[in-house]
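Chemist: Which chain is which? The protein sequence lines are U and L, in order.
For the first sequence, counting from 1, position 6 maps to 5 in numbering that gives the first Met the number 0; every step adds exactly one.
For the second sequence, counting from 1, position 299 maps to 298 in numbering that gives the first Met the number 0; every step adds exactly one.
The list that follows gives simulated cross-link-like pairs (lysine-lysine, DSSO-like), each with its CA atoms no further than 30 Å apart:
1) 117(L) - 128(L)
2) 13(L) - 70(U)
3) 128(L) - 70(U)
Pair by pair, the computed Cβ-Cβ distance ranges are:
4) 70(L) - 47(U): 51 to 57 Å
5) 215(L) - 14(U): 48 to 54 Å
6) 129(L) - 35(U): 42 to 48 Å
7) 111(L) - 213(U): 36 to 42 Å
8) 118(L) - 213(U): 42 to 48 Å
Please keep in mind that the hints were generated in silico from the structure rather than gathered at the bench.
Glycine residues also receive a C-beta, built at the ideal position from the N, C-alpha and C atoms.
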Amino acid sequence: MKRSVVQAMILSDWQRHRTLLLLSIVSGVLALALIQVGGEIPFILGATLFFTVMIVFGCMLPPSNIINERKKQTLPFLMSLPISAMQFTTAKIVSTVGLFLVPWLALVIAAMAFIVGHRGGPQGIIPVVLILAAAPFVGFCVIAGVSLVSESEGAMIAATIATNTSYGFSWYLLVRNPVIRADMQSREIVWSREVLTVLSAEFAVIVLILGLTFFLQSRKRDFL
Amino acid sequence: MTDLAIKFESVGKKYRYFTLEDIHLQVPAGQIMGLIGPNGAGKSTTIRILMGLIHQDHGDVRVLGHRMPVEQVAAKWDIGFASEDMRLYEAMTLDWHMRFIRSIYPQWDAAYAQLLLKRFGLRAEQKIKGLSHGQRVKATLLLVLARRPRLLVLDEPTTGLDPVARHEILRELTAVMNDEGRSILFSSHNTQDVEQISDQITFIDRGRVIDSMDKEAYLDRWRRLRLEAPSGIALPALPGVINIRQTGRLAVATSNAFVPGIASAYENSGARVQTIENMTLEEIFVAKVEHSREEHEEVGA
Chain U
0 MKRSVVQAMI LSDWQRHRTL LLLSIVSGVL ALALIQVGGE IPFILGATLF
50 FTVMIVFGCM LPPSNIINER KKQTLPFLMS LPISAMQFTT AKIVSTVGLF
100 LVPWLALVIA AMAFIVGHRG GPQGIIPVVL ILAAAPFVGF CVIAGVSLVS
150 ESEGAMIAAT IATNTSYGFS WYLLVRNPVI RADMQSREIV WSREVLTVLS
200 AEFAVIVLIL GLTFFLQSRK RDFL
Chain L
0 MTDLAIKFES VGKKYRYFTL EDIHLQVPAG QIMGLIGPNG AGKSTTIRIL
50 MGLIHQDHGD VRVLGHRMPV EQVAAKWDIG FASEDMRLYE AMTLDWHMRF
100 IRSIYPQWDA AYAQLLLKRF GLRAEQKIKG LSHGQRVKAT LLLVLARRPR
150 LLVLDEPTTG LDPVARHEIL RELTAVMNDE GRSILFSSHN TQDVEQISDQ
200 ITFIDRGRVI DSMDKEAYLD RWRRLRLEAP SGIALPALPG VINIRQTGRL
250 AVATSNAFVP GIASAYENSG ARVQTIENMT LEEIFVAKVE HSREEHEEVG
300 A
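Pulled out of the complex, with its shape left as it was, chain U reads as follows (with noise of 0.2 Å):
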């Protein structure tokens, strides 16, 4: 059966990646085992590992996905397939924020089964957890989404060092937040209303640069 263009591009593109996405999971195992040793160091190390891992797995799959179908002009054979420039971008879109899930779920997943699985420690960390998970995935919708739009390198690059600059205030702030830090410390999960707002605000804004991307893909005339 033939697929259609989408899911070959996608796969395809999955199938380019194996590799790095491989590597991103192994590392980020790698990173919860190192907490695992136990201690302040193995953890401070352990968890900036992890961040480390999504982040930069964020950093480099647009490029690699998406600026360098341009920038390696293999953009020209891809859009001499029967595909419009609107399928081109849902292709893009779903192949680079799906290779992106696959281990950012992974790792979120192992990090809870982790916090989880010690009983006796402060659970309420986890929704203090999935708000800094959050961000390096808003930082690379960001950097996915400028990518698509801009088709330039150095816009790439500069929504990447902003966003790598925004993940450290946003993180102190964050600790900052009088009710946040104390129910960090509680034994039970704390669902307050300053972590959905920070947890919606998140998510509010990926689903707006997506949909953002997908807009000003609409209006493009020239695509090559």
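We have chain U; now place chain L onto it with these hints.
Modeler: Positioned in the frame of chain U, the structure of chain L alone reads:
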């Protein structure tokens, strides 16, 4: 009525430093059209409009009966497009690319793909980054030809190839035309390649189609006359003669609508016709471009 594979009517596209002006172009089904123009003439822009990859500002484009760019998806099922700036994925093998294309096109001809592998001397298991430029062009053409398109659109496919590789590719393109329903639009600034395989020729320069007709008609109509004009003899301006260059007693007249009466008219004016020479397509192209530019500049002035 003849079926048209490609039809451009008053197609234009304006950029900041370049304008494609009112392009009219027709490629009948089953014909090979050579699109010849210098670098920056507008060949690639024309082809990208044809493929629906850029939108024209005005005019109507129909490819295999489909309106472009609106119906580009339907049209592209039957178009095989390869351009000089098209690359394959370097880290993947040719076999991976063949499987990718095969997974999309129901008309993929696996036996023909294997035949082309042999004819082009390619190895399916080889990664694209290990191929030479000529092999990459052949690999791209294999992927295009084995899907058996009704229309082949080739933008400078032979640029940078050695003579042997060029010959192999042109031979394969000629073989493709054994199926009479197929059409090819072949752009190049290499007139030899175009002359070798085309039925129709279109000259394009500075965003304008400056001439378009049957290849044989070009070769039949254009002549170069070498004249000896004694001092005091003024060579007459004759219809069908687009250019006269005179150095001392010797003059060269270029005719784009040669009839024997032109030679007689020069003889009658007191000049002596030394030779009447056929022109190559390259010579015709250069003469046509120069004449068109002079005309355009006169109109502009």
